[in-house]
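Go ahead and model the full structure; you've got the sequences and the hints to work with.
Protein chains: 2
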Amino acid sequence: MEPIKSFELSKEYLESLREGIEIQDNQFITESLEGANVADIAAILDELNLDEAIYVLRLLSPSTAADILIELDEDSLIKVIREMEASELAALIDQMESDDAVDILILMPSKEREDVISYLQEKEKSANILDLLRYDEYSAGGLMAKEFIKANQNWNVVQTIEEIRRQAEKVEKIYSIYVVDNKQHLLGRVSLKKIILSSSDTKISDIYEPELISVPTHMDGEEVAEIMRKYDLESVPVVNAKNKLVGRITVDDILDLIREQSEEDMQAMTGISADIEESDSVFKISKARLPWLLIGVIGGLMGAQIIGFFEDGLSKYIALASFIPLVAATGGNVGIQSSSLVVQTLASKSVFNDTAWQRFIKGLMIAVVNGIVLGTFVFAVVVFIYGFESIFGLTIGLAMFCVVLLASFMGTVTPLVLDKFGINPAIASGPFITTANDLLGLAVYFGVAMTLLKL
Amino acid sequence: MEPIKSFELSKEYLESLREGIEIQDNQFITESLEGANVADIAAILDELNLDEAIYVLRLLSPSTAADILIELDEDSLIKVIREMEASELAALIDQMESDDAVDILILMPSKEREDVISYLQEKEKSANILDLLRYDEYSAGGLMAKEFIKANQNWNVVQTIEEIRRQAEKVEKIYSIYVVDNKQHLLGRVSLKKIILSSSDTKISDIYEPELISVPTHMDGEEVAEIMRKYDLESVPVVNAKNKLVGRITVDDILDLIREQSEEDMQAMTGISADIEESDSVFKISKARLPWLLIGVIGGLMGAQIIGFFEDGLSKYIALASFIPLVAATGGNVGIQSSSLVVQTLASKSVFNDTAWQRFIKGLMIAVVNGIVLGTFVFAVVVFIYGFESIFGLTIGLAMFCVVLLASFMGTVTPLVLDKFGINPAIASGPFITTANDLLGLAVYFGVAMTLLKL
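Protein chains in written order, with my numbering: chain A, 1411 to 1865; chain B, 1411 to 1865.
Among the hints, erroneous ones may be present.
Copies of the same chain look alike in the list, so a pair counts if it fits in one copy or across any two.
As the list claims (entries may be wrong) - Below 30 Å or equal to it, Euclidean Cα-Cα: the simulated BS3-like pairs (lysine-lysine) are:
id, residue 1, residue 2
1, 1697, 1640
2, 1533, 1604
3, 1593, 1613
4, 1694, 1830
5, 1603, 1613
6, 1533, 1580
7, 1603, 1533
8, 1603, 1593
9, 1533, 1593
10, 1772, 1421
11, 1603, 1583
12, 1583, 1560
13, 1772, 1697
14, 1830, 1652
15, 1421, 1830
16, 1694, 1640
17, 1772, 1694
18, 1652, 1421
19, 1640, 1489
20, 1652, 1640
21, 1603, 1580
22, 1640, 1560
23, 1603, 1560
24, 1489, 1772
25, 1580, 1652
26, 1421, 1489
27, 1533, 1489
Calculated from the structure, these hints are not laboratory results.
Below, the structure written as structure tokens:
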């Protein structure tokens, strides 16, 4: 056995698979994919064109095809489900756990979604799906699956094992068995290990752990992720407002969520608008990148207007131009540092966090310290090394101090305000805010210069 | 039961706990913490001062104290272990799984580490720990635990359950049972679900799944995380060069690793040097933030030199100064976009990725498209809206084009080069590179201007 089973996942295999599809060598296709991990097959289908991918999916068993569908890139997935007949897609969705089914159905227009649901074989599954579709996609309710094992506290170990046997087909992975009372209220959990090590007639009520962390359906997915990380959970039960057990979230879904969200944050910070990868076409990538670049350019052009406004003063004191990049870069750096510290704190949500006011005061003090250090440093270099007169050094130093203060203020307040309005605070490090900071910095710089140098 | 058990975790409780410690009300302390989750207790101890935290730890049972120690912030943890006697610490480490023990021991100077290990009660544990200490902290070997359940393929279900019973104390969470041959070669896995649902005399060799993903000890932790995410694994076995099973990595450790690494990347991008939180003191935060700001400032001062060099030309054509921020900001934005796309691709490591050369050509084409669009746009605004002569518009437009090309090139090549040398490519979006890009951009801008405007 190889340390990592990535079977024949290679460009060469991809080529031979393409040929196999071309000449409809179905035997080669199915045999070469047999035993491969569904995530690997999905990675291959992502590389094929739509017709080829659908051709392969139709050759495989519904349960394998269903597992592959879940693992496809969102781009490929949307194309594939648009191409399939409602009945055909329903046959695959019949093989999925409810949360995966919902992840796919949510990508369809509601009319077609209803079509697919009407074709589902199991009444229970379509009820579960309709139930899950009510929740926000990124809330605990939207992340949870309705398939899990629960045991009544009055059962014994044998009855519980019977329930596991009954549900074994539907529930792929069992981490814990949730224990409920007669009214379905969540009481606690019992591990499979405990079940195995207890005698058959042991009552569940004697062995379950009542200390259990659960999350409400409305909790934000990011918060669920942080709870699962903090408490080392591999699955967490979801309860409704009446503390009735309605679903469970597993750690694999959380890993996907974390990855998605870190990509989104990165996107917010770099201003790349659409969900692109390096393998996309030149024009798709250019199109996704241009909007931010244009915002930055428009900001730069407005900056040119601001500087133009001070042109008279500038022509009298041409050296002022030399320090424009210094002021602009420092403002940008201070702003990004401040906002990312705030974003980090917002993400970790501790009860011991300072209040907004304390945070503001502290940010101000840090800005004052940094501003004094940097302002003094710049003053010293400008006067003693570059040999300018001291009033000019004072101008640049004071402008630095003001810009540091201003950028810290903007960098601290902007993410807090965004967060208050329910907007991802990471965009505070993105295009709009950065550009606005640059412009403010320029205005402050020239304002200080015009005043001190009496231009 | 509350939807989330965060017991009395509040500022008020923290105050009353402090009082309890002051007046040595041990009964209040132990009773109020009883049943609380260890992660919550750790969060409280992080808020206490060192003497208070140690006082509480010593009141609790060794197994609870050990669990809390693992969950402490690294800052607090280092202080606590420095304060404890070697024998006292050894008593706690005796209660931990080997990977957690190593995470703590690695923080100590090697002399003291040996002291602690010499006090350990279990010979097997100290052997395991010494073994794990050989691996790089962030490799699969450094992340794995030596505690896991393995079954010989020739055993039956009853023998396997016996083994689980024997190891139950040592192995906190059981996800899978790994199946080995007589020489300890990894053959596959069998789930607890399968064990429960099989009759007592079933042979393991008849029920285990041979399709199993394992990782080699030397694999980088980030890669392990990506494999566990991609294949939806809650634990992964680790094998040595001879495919012998030597450990297992669980998903909770991976969640911690992902968080640590995303914080590190953020740090690399924002240039905040030490591991700080918003709750740290004003001077600690200032000190951590100043180094990058200083790099930026020094870069800005060098920029002033560059511009000063062109001062004669600038005084003839004062409007050139107005467009300095435009050029600098665009260069910065293009550079960050390019490098973060490359970093994202490097992190996902697919076999279908383009080669470095293809990537380079593609990056160049994207840069040309973006450069033409932005250059033309700027030319049009400068000439038709701002009313400058067209040779000046051409100068600014062409300078934009060159800066976009240059920044794309630097943004693409830098992370690739860093990655080749085993350095975290995320720092390509950080202080040094950004500053270097700014300077290059300025030089290009004035170079183009001096040439076209014949200054």
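Against the structure, the hints come out as follows:
no., hint, in the structure
1, 1697 / 1640, "between (40 Å within a copy, 29 Å between copies)"
2, 1533 / 1604, "between (33 Å within a copy, 28 Å between copies)"
3, 1593 / 1613, "within (18 Å within a copy, 40 Å between copies)"
4, 1694 / 1830, "between (34 Å within a copy, 28 Å between copies)"
5, 1603 / 1613, "both (15 Å within a copy, 19 Å between copies)"
6, 1533 / 1580, "within (14 Å within a copy, 44 Å between copies)"
7, 1603 / 1533, "between (33 Å within a copy, 26 Å between copies)"
8, 1603 / 1593, "both (26 Å within a copy, 27 Å between copies)"
9, 1533 / 1593, "within (23 Å within a copy, 50 Å between copies)"
10, 1772 / 1421, "between (55 Å within a copy, 19 Å between copies)"
11, 1603 / 1583, "both (14 Å within a copy, 8 Å between copies)"
12, 1583 / 1560, "both (13 Å within a copy, 19 Å between copies)"
13, 1772 / 1697, "between (41 Å within a copy, 14 Å between copies)"
14, 1830 / 1652, "within (28 Å within a copy, 55 Å between copies)"
15, 1421 / 1830, "between (48 Å within a copy, 23 Å between copies)"
16, 1694 / 1640, "between (39 Å within a copy, 26 Å between copies)"
17, 1772 / 1694, "between (44 Å within a copy, 12 Å between copies)"
18, 1652 / 1421, "between (54 Å within a copy, 28 Å between copies)"
19, 1640 / 1489, "between (38 Å within a copy, 21 Å between copies)"
20, 1652 / 1640, "within (25 Å within a copy, 35 Å between copies)"
21, 1603 / 1580, "both (20 Å within a copy, 13 Å between copies)"
22, 1640 / 1560, "both (24 Å within a copy, 28 Å between copies)"
23, 1603 / 1560, "both (15 Å within a copy, 14 Å between copies)"
24, 1489 / 1772, "between (51 Å within a copy, 25 Å between copies)"
25, 1580 / 1652, "within (26 Å within a copy, 37 Å between copies)"
26, 1421 / 1489, "within (23 Å within a copy, 52 Å between copies)"
27, 1533 / 1489, "within (27 Å within a copy, 59 Å between copies)"
In the structure shown, no violation is registered for any of the earlier numbered hints.
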